[in-house]
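Keeping the supplied structure of chain A fixed, place chain B upon it in accordance with the hints.
As they're listed, the protein sequences go chains A and B. Take the first sequence: its letters are residues 1 to 293, numbered as in my numbering. Take the second sequence: its letters are residues 1 to 141, numbered as in my numbering.
Rather than coming from a laboratory, the hints here were simulated on the basis of the structure. Just to be clear, a hint being listed does not mean it is correct.
[Stated by the list, open to error] Stretch by stretch, here's where chain A covers chain B in the computed footprint (C-beta under 8 Å, at least three residues):
hint: 1; region: 14–22
hint: 2; region: 27–40
hint: 3; region: 44–51
hint: 4; region: 73–83
[As the list claims (entries may be wrong)] To list a few chain A residues with every Cβ distance to chain B over 10 Å, as calculated:
hint: 5; residue: I20
hint: 6; residue: L58
hint: 7; residue: M257
The structure displayed is predicted, hence computed values, not measured ones. Positions of the beta carbon are idealized from the N, C-alpha and C atoms, including for glycine.
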Amino acid sequence: MATLRDIRRRINSVKSTQQITKAMKMVAAAKLRRAQQRIVEARPYAYKIQEVIASLALRTSPEQHPLLATRETGRKGLVVVAADKGLCGAFNANILRKAFEYLRQAEDAEVQITLLVVGRKVRDFFRRRQVERQGEWINIFDQLAYTHAAEIGSQLARGYLDSELDEVHLLYNEFKSAGIQRLVMERLLPITPLSVEAEELQPVEFIFEPSPEVILGELLPRHVEIQVYRALMESAAAEQGARMTAMEAATQSASEMIERLTLVFNKARQERITRELMDIVGGAEALRGAGTA
Amino acid sequence: MARHEGIPRTLNLEVVTPTRMVVREEVEEVMAPGAEGYFGVMGGHLPFMSTLKVGELAYRKNGRWRHLAVSWGYVEVRPETVIVLAEAAEKAEEVDAARAERARDRALERLAQWGDESIDVLRAQGALTRSLTRIEVAGKS
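Bound conformation, chain A alone (with noise of 0.2 Å):
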């Protein structure tokens, strides 16, 4: 039986452990509204582009532009996006074993894959399965910028470009609040064409400088870049949101555990006092006994 020596200390040590998951879920909160913003701040940006560009493929062929055109799948590129930490539930297994199990049924069907990871802990799982990578991007999320989507989806639309991708997903969470999180997987490459409502679209004669084909062409790199940058910062946010769920949770299973080892801790000490009254009690009757023979 454990002495109350040693419950004293397993409720200590309970209660430092709740210290650390309740800071790490003050932290993540205040993160999450920092990557909350940046996905409002993107926003601006990311919707105009779209406009644009469904606006001016309806003035040209947009068939014409390689980034836009389908073809027969070949290789397939897969960008997965995860965190670079743990201690957020769910939230890194759930991307991987999707990864893994879509990689499965590319090597049944005989696809090749170029993958791309985000996220140290993605990088470690496919090392440790002897995945080969193409690229790898570590560390990004506490300093996440335009440069990093720009990096990647400019090396995805050379591949594509280049007819060394014929396909490229991405794999991420989407952030949907500070609960949930939804596993996304959507196709960059080609570019879906964007269906705009015609009523939306203002028929204004506009004059282009250089061409409309020339600008479509200039816009749809970084289509694919801003797409990717929202991907990340969706992945930002939603990490940040699991983590919070997950320490709430486990500062609450910390209270769970200190409350039940209290009244264990109660009850042996109850029961240690109550043990030592009969002694004494005990020894004053075997006394009195001894005193009046």
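For chain B alone, kept in the frame of chain A given last:
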């Protein structure tokens, strides 16, 4: 006034980058580094679309010119609005001149090693143009 009825005298200028809204102001005139050279826009301009080169974007507000350094971008002009999407944009007062000068020196160094095949000349030239623009703009804050 009657003669100019219906022609907007000011423009709503918006300069947006992927990370933030840099400018959102009502201005009188805009100058931008278009794909085919610098151009100026005032209120009531015809609808116009162009890509932007690395260069200096300037706008006049209350008679005073303000300057920004922009790298690649896109501009859409309508009679009452000018929207600029730029990969990066910095106001003159935000430009870190010392950093820009270091970037210029680095680019020049790379270009000096012209013979070296491993050096990406185009990239160095791009870096040079960007740093020179930023130094130029920083001087106008």
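Hints not upheld, ascending by number: Hints that this structure does not satisfy do not exist here, as all of them hold.
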